[in-house]
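Q: Sequence:
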Amino acid sequence: MSPPVDVVTVRGAFGPDDATPLRERLDASFAAGARWVAIDLTFADPVDTDALASAARREGVVVCGGEDAVLRALTETGVTATPRILDVRIAARARRGDGLKRRFELLELPRL
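Under our numbering, think of the first position of the sequence shown as 2, with each following residue one higher.
Where hints are given, some of them may not hold.
Listed next, with one range per pair, are the computed distances between beta-carbon atoms [unchecked claim]:
1. Pro5 - Pro47: 12 to 22 Å
2. Asp69 - Ala32: 28 to 38 Å
3. Arg59 - Gly16: 17 to 27 Å
4. Asp46 - Thr76: 15 to 25 Å
Keep in mind the hints are simulated off the structure, nothing from the lab.
Cβ atoms here follow ideal geometry from the backbone N, Cα and C, with glycine treated the same way.
Full structure from sequences and hints, please.
A: See the structure below:
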């Protein structure tokens with residue numbers, strides 16, 4: 002069984018051509034049983050907010066860790082966004098103890 006939360010890490014530039022692979026990753030995560038998918042933008046730059054919003058505007062998706070301007074732009078388009086992905090992951094692991102039952106799977110887009 003897949004963990005209830007998956008994390009998709011976006012590295013490097015994110016443009017219009019990357020929206021379809023991201024949608025496919027999100028679909029695969031939800032099909033595998035994930036209830037939530039966090040899109041980590043910590044290592045993404047530059048980000049086309051329109052392209053990302055078109056892929057991430059759906060129930061159960063949270064965009065995290067990006068620049069404030071990017072997160073604000075995403076929030077204005079109806080995407081759930083927060084700046085604190087690393088804090089959330091560390092706190093979740095600490096609350097779970099050994100973490101054997103629930104682990105985050107780090108999924109990366111093919112583009113580095």
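Q: Against each hint, give a clear statement of whether it holds in the structure.
A: Consistency of the hints with the structure:
1. For Pro5 and Pro47, the hinted distance range of 12 to 22 Å is not satisfied, since their beta carbons lie about 31 Å from each other.
2. Under the hint 28 to 38 Å, the C-beta atoms of Asp69 and Ala32, about 33 Å apart, fit the expected range.
3. Between Arg59 and Gly16 the beta carbon distance is about 20 Å. The supplied range of 17 to 27 Å therefore holds.
4. About 19 Å separates the C-beta atoms of Asp46 and Thr76, a value consistent with the hinted range of 15 to 25 Å.
In summary, the structure is inconsistent with hint 1 from the numbered list given earlier, while agreeing with all the others.
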